[in-house]
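Colleague: Whenever a hint applies, use it, and build me the whole structure from the sequences.
Read off the chains here:
Protein chains: 2
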Amino acid sequence: MNVLQEIIPNVKNMKQLQNLVLARRASQIKEELRQSEFSNLCFKFTCSQRVRKPFKEVINVSWGDAHKTGMKPLSFVQQVLAACLYPQLVNSDRLPVGVRQRAQSLLKGCDGGSVGSYTATRGISERVHRVSEFITRRDGGAPSYPENIFISPGSQWNILNVLVNSEASHRTGVLTPVPCYSIALMSIRGLGAVTVPYNLNEEQGWELQVEELHRALESAKGVCNPVALYVINPGNPAGYVQSRKSIQEVIQFVSEKRLFLLADEVYQDCVHGENSEFVSYKRVLAEMGPPLSDTVELASFHSASKGFMGECGLRGGYVELVNLDLAVMKYIYKLFSTDACAPVLGQFALDMMMKPPQPGDPSYPLYSMETQHIRTTLVHNVKRVLEVVNNLPGFCCQPVKGVFAFPRLHLPPKAIQKAKEMGMQPDAFYCMRLLEEAGVIVSPGCDYGQKEGTHHIRFYIMTPEDTMEEVLRRLSSFHTQFMKDFS
Amino acid sequence: MNVLQEIIPNVKNMKQLQNLVLARRASQIKEELRQSEFSNLCFKFTCSQRVRKPFKEVINVSWGDAHKTGMKPLSFVQQVLAACLYPQLVNSDRLPVGVRQRAQSLLKGCDGGSVGSYTATRGISERVHRVSEFITRRDGGAPSYPENIFISPGSQWNILNVLVNSEASHRTGVLTPVPCYSIALMSIRGLGAVTVPYNLNEEQGWELQVEELHRALESAKGVCNPVALYVINPGNPAGYVQSRKSIQEVIQFVSEKRLFLLADEVYQDCVHGENSEFVSYKRVLAEMGPPLSDTVELASFHSASKGFMGECGLRGGYVELVNLDLAVMKYIYKLFSTDACAPVLGQFALDMMMKPPQPGDPSYPLYSMETQHIRTTLVHNVKRVLEVVNNLPGFCCQPVKGVFAFPRLHLPPKAIQKAKEMGMQPDAFYCMRLLEEAGVIVSPGCDYGQKEGTHHIRFYIMTPEDTMEEVLRRLSSFHTQFMKDFS
Ligand SMILES: Cc1ncc(COP(=O)(O)O)c(C=O)c1O
Ligand SMILES: Cc1ncc(COP(=O)(O)O)c(C=O)c1O
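Note that the protein sequences, when read in sequence, are chains A and B. Numbering of the first sequence is given in full-length UniProt numbering, commencing with residue 1 and proceeding in unit increments. Numbering of the second sequence is given in full-length UniProt numbering, commencing with residue 1 and proceeding in unit increments.
None of these hints come from the bench; they were simulated from the model. Careful: at least some of the hints might be erroneous.
Unchecked claim - Computed from the model, here is a short list of chain A residues facing chain B with C-beta under 7 Å:
1. Glu37
2. Asp65
3. Tyr86
4. Lys108
5. Gly112
6. Val115
7. Gly116
8. Gly154
9. Ile183
10. Gly190
11. Leu314
12. Arg315
13. Val344
14. Leu345
15. Pro399
What the hints assert, rightly or not - Under the rule of at most 20 Å between Cα atoms (straight-line distance), these lysine to any residue pairs were calculated in the SDA-like manner:
16. B/Lys30 with A/Gly112
17. B/Lys108 with A/Ile29
18. A/Lys330 with B/Phe478
19. B/Lys108 with A/Lys108
20. B/Lys334 with A/Ala23
21. B/Lys72 with A/Pro87
22. A/Lys53 with A/Thr467
23. A/Lys420 with A/Gly449
24. A/Lys414 with A/Pro464
25. B/Lys334 with A/Ser27
26. A/Lys108 with B/Arg283
27. A/Lys30 with B/Ser105
28. B/Lys245 with B/Arg283
29. A/Lys245 with A/Gly140
30. B/Lys56 with A/Asp111
31. A/Lys383 with A/Pro464
32. B/Lys15 with A/Asp325
33. A/Lys15 with B/Gln88
34. A/Lys355 with A/Thr136
35. B/Lys330 with A/Arg189
36. A/Lys72 with B/Gln88
37. A/Lys484 with A/Cys396
38. A/Lys330 with B/Val21
39. B/Lys334 with A/Arg189
40. A/Lys30 with B/Gly112
Each residue gets a CB set at the ideal place from its N, CA and C atoms; glycine is no exception.
Modeller: Below you can see the structure in the form of structure tokens.
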């Protein structure tokens, strides 16, 4: 027996994400498509033995990743980053003056004027200040302090280490929504903590209800020691947006129960629909005044991967920590120090997200046109998704206020039976068939946790309009056939 | 008392790196210098109250970061990355054809052709293959398999989670060298593991001696459960290079004692000096043949931050895992999945490190000239450092075969006394004075662990020649005065 196997006694039973299983299968299918195209080219007259797929390419809308689906990066971001990497461009007149100015000011914060230098652990000082200015502006003046901000490679979970490396004898518990962003669940469990599920109310548009938090907390008794509440607002996978009142109730709850509040707010820029407006936890907390505003411990996350920028691959995000004890802050600082620094270009992307071109800037007109186009696309796609999906028998989708659709799927008993026989979750089975037969990857509800006996699929809707139309076309015809096959 | 303070009972006594204390003080000094320059400009005739510093700028050679000290990035790398970010450049004839080709081929591996898409957890498949080709070539044909390679944001320590999240009742122990790269020590301890120190033999040019490993392992009895041995080759902070024979001995040792071998080989490209040659642990292991080559569990790290490229800020590295059990590999894969992916541009930088321009490529002549220049600079600096430092009374520096000088410092008793009074480590005290009085940041040996009663300083020598000359000039005159003051 190997050394490592011995010291990880049960080789921790971390769940395998079905999403990754689908991604692996998709790679094989892509390879098959490539080869069949190749053999079509080379042996036009040979009769290929391969099973032909009724599609030419796989469309992946299972990730929250705009560029992956073909959305274009913002020109301003592309140009500024290119100029930062290759400063000769800064001095050439091939780039707009606003771009060159921004690049120059970004490079000034780098030692040696190079994106290739390590930065301070918490991020480049000027960029950290930029984040705190953004937050203050966003929150109507409620102050944000640079000392409380850590720029990280993506809106990462380092902060959880604090909770979990605890020497308390009980196992650490974190209240997590059902359904919940899957990587969050994996991170929490990967660190050895216990997730304590609370249900969002699907029938009420995935509302977070405080009675349910009370129930969940009770349920943890004797199982673990709950120390934190994790909320995602705007939601993922379910695209709801919390009201100010709902946020106030949650804050009251964590204060009473003495929980650390982890507010994942990475989707704050993409809210749409009637009566929906993003309000940050930080802002509501400040508005509630003392004693709450001085005592509730809050971490709020944001990321350059999301919003109109959608720069997932550069890896830049931040966490703002509010009301944490100084000793704890020092400890967190040291924990962060074990990770060198966030990638410089991710820090730059975040900077541009925090302060995009303003009216009057030479780069503003193009920037504004591009973001307006994304907004229009999003609104169009939401409308189409609801029209199409809610008209398919067995599907039922709540209003979508963010960037994901998470319709419920009432599967026929025969399909559920078949899935069981194959050792699969019913919605994972559905998704695998959708991939095999229609070349579309969406992710199954089972990856996110869902109420016992319910099934869902999640897909991303910030895609080019024609891509979304193609997805809906393929989904509709696949679904109709699927329901027939298993009726 | 705050919630978080309660659950981290002793707010973990992680040591504060003196290096970071120096960095903070340096920021203040820089600000003072900026202000005094400003007041010089504005109030030419006012007599400033400020204490004047006898230097105009702070030079920082305390990090292993070439660009920070003013070394120029490689043009090929800059140009390719700029073209990847702003693909219009690929189609312009402003960039050499070799650059445009490389950019095109890199972008082909990205979904949507954008660096802004998430990649697979382990890295872009083509980049992972490139790494394994590099290793196979480097190791004279000993095969490397893509499945065993994980591209990460820097040569990061994720892998340690595996060891530490163990549910074994004993605390996990990791044997670590004295002196040792400080972030490694912090990471291991930050994860809750125990470091078990083994001394390198300074008098023998910092040789790693196997008897010392035996002693260290014995010393862990009753304290913790040692599961891994961490070696750094070429060394940091001490710049030694292990011989093939020494590596064989270490491999025998871990095999006998059933330890997981963590080989940090990030400095493999910068070896120089007589009879020094880098040989990888992987290669030696393969050469030793079965049963060792089939059983010893090895992780080997490399990073785009080091070598001639020195792209620390982009964050790209890899770990190759050898002989790990399949179940453990699956677990590691899941652990990695909790971290999205390594930054795409870091992955690209790594790709160029793995396969730089080759003779015949249009980009080769410039690339070759630039790397040759860096090599010459390094050799020149090493020579000068040894000449100067070994001529200063109280200093004694072993041969330098890598990128750091780590001279021993025999401090006068009065200086040690003074440091004690100020609650500082003697070498940290020396470094702080060097910063205050000469504007040079080097790091103190105490950050790395050192044999009881010995003191050192570490500084980076991959700097422009004139920067190194200035560092040596300031160090010499400061040191002479310091020794006088405390004699
Ligand atoms: C709710 C939520 N939080 C955080 C993230 C993390 O994004 P990143 O790590 O790219 O910043 C995501 C990404 O999909 C998300 O959906
Ligand atoms: C021995 C050693 N290992 C690893 C690293 C990590 O480098 P990075 O995280 O930038 O890849 C360093 C950086 O200085 C180092 O000195």
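Colleague: Take the hints in turn and mark each one as holding or not.
Modeller: Comparing the hints with the structure gives:
no.: 1; hint: Glu37; result: 16 Å, violated
no.: 2; hint: Asp65; result: 5 Å, holds
no.: 3; hint: Tyr86; result: 4 Å, holds
no.: 4; hint: Lys108; result: 12 Å, violated
no.: 5; hint: Gly112; result: 4 Å, holds
no.: 6; hint: Val115; result: 5 Å, holds
no.: 7; hint: Gly116; result: 4 Å, holds
no.: 8; hint: Gly154; result: 5 Å, holds
no.: 9; hint: Ile183; result: 6 Å, holds
no.: 10; hint: Gly190; result: 5 Å, holds
no.: 11; hint: Leu314; result: 6 Å, holds
no.: 12; hint: Arg315; result: 4 Å, holds
no.: 13; hint: Val344; result: 4 Å, holds
no.: 14; hint: Leu345; result: 6 Å, holds
no.: 15; hint: Pro399; result: 27 Å, violated
no.: 16; hint: B/Lys30 with A/Gly112; result: 14 Å, holds
no.: 17; hint: B/Lys108 with A/Ile29; result: 18 Å, holds
no.: 18; hint: A/Lys330 with B/Phe478; result: 33 Å, violated
no.: 19; hint: B/Lys108 with A/Lys108; result: 32 Å, violated
no.: 20; hint: B/Lys334 with A/Ala23; result: 14 Å, holds
no.: 21; hint: B/Lys72 with A/Pro87; result: 12 Å, holds
no.: 22; hint: A/Lys53 with A/Thr467; result: 19 Å, holds
no.: 23; hint: A/Lys420 with A/Gly449; result: 18 Å, holds
no.: 24; hint: A/Lys414 with A/Pro464; result: 35 Å, violated
no.: 25; hint: B/Lys334 with A/Ser27; result: 19 Å, holds
no.: 26; hint: A/Lys108 with B/Arg283; result: 43 Å, violated
no.: 27; hint: A/Lys30 with B/Ser105; result: 18 Å, holds
no.: 28; hint: B/Lys245 with B/Arg283; result: 12 Å, holds
no.: 29; hint: A/Lys245 with A/Gly140; result: 17 Å, holds
no.: 30; hint: B/Lys56 with A/Asp111; result: 16 Å, holds
no.: 31; hint: A/Lys383 with A/Pro464; result: 14 Å, holds
no.: 32; hint: B/Lys15 with A/Asp325; result: 18 Å, holds
no.: 33; hint: A/Lys15 with B/Gln88; result: 43 Å, violated
no.: 34; hint: A/Lys355 with A/Thr136; result: 12 Å, holds
no.: 35; hint: B/Lys330 with A/Arg189; result: 16 Å, holds
no.: 36; hint: A/Lys72 with B/Gln88; result: 13 Å, holds
no.: 37; hint: A/Lys484 with A/Cys396; result: 18 Å, holds
no.: 38; hint: A/Lys330 with B/Val21; result: 13 Å, holds
no.: 39; hint: B/Lys334 with A/Arg189; result: 11 Å, holds
no.: 40; hint: A/Lys30 with B/Gly112; result: 15 Å, holds
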